[in-house]
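A.B. asks: Here is what each chain is made of, one letter per residue.
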Amino acid sequence: EAGVAQSPRYKIIEKRQSVAFWCNPISGHATLYWYQQILGQGPKLLIQFQNNGVVDDSQLPKDRFSAERLKGVDSTLKIQPAKLEDSAVYLCASSLDPPGLAGQNIQYFGAGTRLSVL
Amino acid sequence: LAKTTQPISMDSYEGQEVNITCSHNNIATNDYITWYQQFPSQGPRFIIQGYKTKVTNEVASLFIPADRKSSTLSLPRVSLSDTAVYYCLEYGGSQGNLIFGKGTKLSVKP
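Those sequence lines, one after another, are chains A and B. Using the working numbering, read the first sequence as starting at 309 and increasing by one per residue. Using the working numbering, read the second sequence as starting at 106 and increasing by one per residue.
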């Protein structure tokens with residue numbers, strides 16, 4: 309079974325530039341997550357999709373971050389404009405079980421995109 | 106703010122059993138307890154999940170007492186390749202409920 313695919317693996321940009329990350333979840337997984345992981349910290353949930361609808365985006369900095377999941381499959385996360393503090397690894401994950409189902413919710417993560425903002 | 110509390114780091118030697126305990130002081134009735142493992146430059150990987158008592162798979166065991174205020178991940182006979190960060194997580198499907206802490210950095214020495 310193919311895992312969660314993310315691209316690019318690495319990205320270096322200057323502050324105030326824009327950047328986009330792409331994620332292809334495991335086939336059949338209804339729920340997709342984007343996380344931000346700053347060095348030395350655990351992943352922080354940015355946004356959670358159920359099919360192509362947003363379930364939780366309470367921690368997404370909406371003035372600069374946006375995400376979409378067209379057709380309920382692939383997803384893109386965009387930052388515009390980027391700030392120095394956005395330097396982190398951006399992880400995408402997917403799960404078979406939908407949110408609201410007690411328990412389960414085993415998430416499968418991609419390798420992430422390491423973003424460096426200079 | 107992380108909902109769980111776990112040690113920042115632990116050291117062990119090859120062949121030993123390692124137990125990592127996580128506190129779940131405010132766990133909700135519907136929450137399951139899940140543990141993930143993360144190697145450098147990789148995303149977290151699911152290890153084990155449970156609701157109460159004991160769960161065992163080919164990788165680890167998870168012990169959850171009756172009050173569910175804590176959980177213990179047990180790794181039998183660790184090897185150098187078990188050196189990683191281990192996260193405990195509670196999740197019951199509620200919005201805003203997916204919170205990872207800083208994890209426990211396990212270092213296994215020869």
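Do not rely on the hints blindly, as some may be mistaken.
[Claimed, not checked] Derived BS3-like pairs: lysine-lysine, alpha-carbon spacing no greater than 27 Å straight-line:
1. A/K352 <-> B/K108
2. A/K319 <-> A/K352
3. B/K207 <-> A/K370
4. B/K207 <-> B/K174
5. B/K210 <-> B/K157
6. A/K386 <-> B/K157
7. B/K210 <-> A/K352
8. B/K214 <-> B/K174
9. B/K174 <-> B/K157
10. A/K370 <-> B/K159
11. B/K174 <-> A/K352
12. A/K323 <-> A/K352
13. B/K108 <-> A/K370
14. A/K370 <-> A/K386
15. B/K207 <-> A/K391
16. A/K319 <-> B/K159
Everything labelled a hint here was simulated from the structure, so no lab data went into it.
A.B. asks: Against this structure, judge whether each hint is valid.
C.D. replies: These are the hints, each one checked on the structure:
no. : hint              : in the structure
1   : A/K352 <-> B/K108 : 13 Å, holds
2   : A/K319 <-> A/K352 : 19 Å, holds
3   : B/K207 <-> A/K370 : 25 Å, holds
4   : B/K207 <-> B/K174 : 19 Å, holds
5   : B/K210 <-> B/K157 : 25 Å, holds
6   : A/K386 <-> B/K157 : 40 Å, violated
7   : B/K210 <-> A/K352 : 18 Å, holds
8   : B/K214 <-> B/K174 : 31 Å, violated
9   : B/K174 <-> B/K157 : 10 Å, holds
10  : A/K370 <-> B/K159 : 42 Å, violated
11  : B/K174 <-> A/K352 : 23 Å, holds
12  : A/K323 <-> A/K352 : 22 Å, holds
13  : B/K108 <-> A/K370 : 24 Å, holds
14  : A/K370 <-> A/K386 : 10 Å, holds
15  : B/K207 <-> A/K391 : 23 Å, holds
16  : A/K319 <-> B/K159 : 43 Å, violated
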